[in-house]
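*Asks:* One letter stands for each residue in the lines below.
2 protein chains.
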Amino acid sequence: MSELRWDPLKQHWVIIATDRGRRPRDFLVEPEPSEITSCPFCYGNEDKTPGEVFALRPSGAANSTGWKVRVIPNRFPVLRIEGELNSRAYGIYDVMNGIGAHEVIIETPDHNRGLSELSPAEIAEVLKAYRSRFLDLRRDMRFRYMVLFKNHGQRAGATLSHSHSQLIAVPLIPPVAATELRICREHYAVKERCLFCDLLDFELQSGDRVVREFPNYVTMTPYASSFPFELRLYPKRHSHDFALSTDADLAELAVALKDMLSRLKRVLRDPPYNFILHTAPPPQPRLGKPDFWSSIEYDYHWHIELVPRLTAIAGFEWGTGFFINPTSPEDAAEFLRSA
Amino acid sequence: MSELRWDPLKQHWVIIATDRGRRPRDFLVEPEPSEITSCPFCYGNEDKTPGEVFALRPSGAANSTGWKVRVIPNRFPVLRIEGELNSRAYGIYDVMNGIGAHEVIIETPDHNRGLSELSPAEIAEVLKAYRSRFLDLRRDMRFRYMVLFKNHGQRAGATLSHSHSQLIAVPLIPPVAATELRICREHYAVKERCLFCDLLDFELQSGDRVVREFPNYVTMTPYASSFPFELRLYPKRHSHDFALSTDADLAELAVALKDMLSRLKRVLRDPPYNFILHTAPPPQPRLGKPDFWSSIEYDYHWHIELVPRLTAIAGFEWGTGFFINPTSPEDAAEFLRSA
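Which chain is which? The protein sequence lines are E and Z, in order. One point on numbering: in the working numbering, the residue at position 151 of the first sequence is 151, and numbering is uninterrupted. In the working numbering, each residue's number is its place in the second sequence (first place is 1) plus 1000.
Isolated chain E (complex conformation) (with noise of 0.2 Å):
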């Protein structure tokens, strides 16, 4: 089982996820998709894949040919499902059993289309799968996050090349989900204001970032991008989860992310990158902690944070949290909206 251990100085969780394990060989040469005889992401391999826990399928019994979106739990999960999370004290540091949900959204049965290729009502139903799978999981206890992302490209992490996306449920808050959220409860308990409503106000008066404008939806360059090209895509009426959002919402979100993959496409000749999902914490009323997250609705603000990768994270970087961006943002975001 994989274990989740805390760093005291660097004040962080990582996973230890030896049921991976790796040995010195493993890591000589960069590791070959061997998928182009068999892909188990594909219509007739889906016995090659742990069995199916959501499809979206007109027609087939499960775990056969006929659907269109189909979700199954990850072959070789960094977290299971199975066990207590028993966190435990180890000498001067911590440590818990590796427990949560690891999942795999197959976002077409083609093997040869993008996400970016796929049609705005295709795009909807893998959102709606992704929101059945948020509603679904957060009636775990055990799971206080769940993160939605996608990796495209082997540089980017994907190492099977048919279009799929990931969701990782966690036993804990992420750091970077938990300083989004405690800087957005902060302004909120000021100015009963949501600081991302406050962001998007100034960026849409001024201009220079924004890539593309949807009536409920906006796509534009981060002011402190940490990489070249960096995108963000809000929800521009206020709106704390994403698992809320209506047919009608997710069919014209659909649009809005086509457009921002497919000019990325255009501009970058369909560079390797990273999508995240951040959407609130779920609630978690049985937990004994009424008012930790009671405003939650009110301060904070899902939206999606997508990084090409473009440029090595190297020393400096990974040394001092600061990151350097070689292009501006507004340079981006210029070059993004000709295209």
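Calculated directly from the structure, the hints in this document are not laboratory data. Only a predicted model underlies this, so the values are computations on that prediction, with no experimental measurement involved. Among the hints, a few may not be true.
Said to hold, decoys possible - Dumping the calculated DSS-like pairs for lysine-lysine here, alpha-carbon to alpha-carbon at most 27 Å:
#1 K236/E <-> K1010/Z
#2 K236/E <-> K128/E
#3 K1191/Z <-> K1236/Z
#4 K128/E <-> K258/E
#5 K1128/Z <-> K1258/Z
#6 K1191/Z <-> K10/E
#7 K48/E <-> K68/E
#8 K1010/Z <-> K10/E
#9 K1258/Z <-> K1236/Z
#10 K128/E <-> K48/E
#11 K1128/Z <-> K1068/Z
#12 K236/E <-> K258/E
#13 K1236/Z <-> K10/E
#14 K1010/Z <-> K191/E
#15 K1265/Z <-> K1068/Z
Add chain Z to chain E, keeping to what the hints say.
*Replies:* Here is chain Z on its own, set in the frame of chain E:
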């Protein structure tokens, strides 16, 4: 000029270094090292770099051949030494000018020898060059911290293969250092002990993660390693400031550093890596904050952190701040001990 921009949601600064500005086409192909015909770090090419700021040279005039270690300003500096900080608000953000220093330490005139292949005496000379630059740069009160790091191999961010390290002086304490310094300060306030000394006591007793012990230094894999085969090199005696090391200290440190780099090279066949020197910020009595770092000599403990670049940082890591490590630090230490 570069800008430092504040991200109010992630609570960190980003360096937008547009002097190195890159347009979409620049990202389409990996930049190829064009150095094979003429390396600017080799003897005879001293005029192809900015003038040296320091050199250990038994013979020859400045900027001629005859040096053993040579320090020059980076030709494409991330931060520039000329100008004023000029910190200011911009809407809901903050911005300041990119003031700092960016130097390159050329570790040997020999194009074909890596740091691990130099003799301990030669490595000690490199360490003396580090010390000398730290002591010189801290006289500039605009610089709050100096980051000494090495990128080895193209995947680790090195653009020239001739062995070198870099030193960047920054106008702010970087986030990673700030967290360590704060946590050590809090630990000392309660316990009147250095947190690193406590950690070393525990690790030396346990031995599970110790790779090699020297009279005054020790190399080990951290309990909560974020990456496979991550390594730390600590002075065993409490010591907050690398720049106060004596020649005798540096002679033994050179032996320990060579041992660490050689083991890594043998076990993983010369992997790409980054190392970063973590040390106390320079004393700044003139800043009018006399108490801020008053106990730093008691509560901080300098060390070197090394990260081999074997696994990709993908969407999950970037989006959450949780790192997934497939190799346990105990296994890594065992492999490195027996190398």
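*Asks:* What hint numbers does the structure not satisfy?
*Replies:* none
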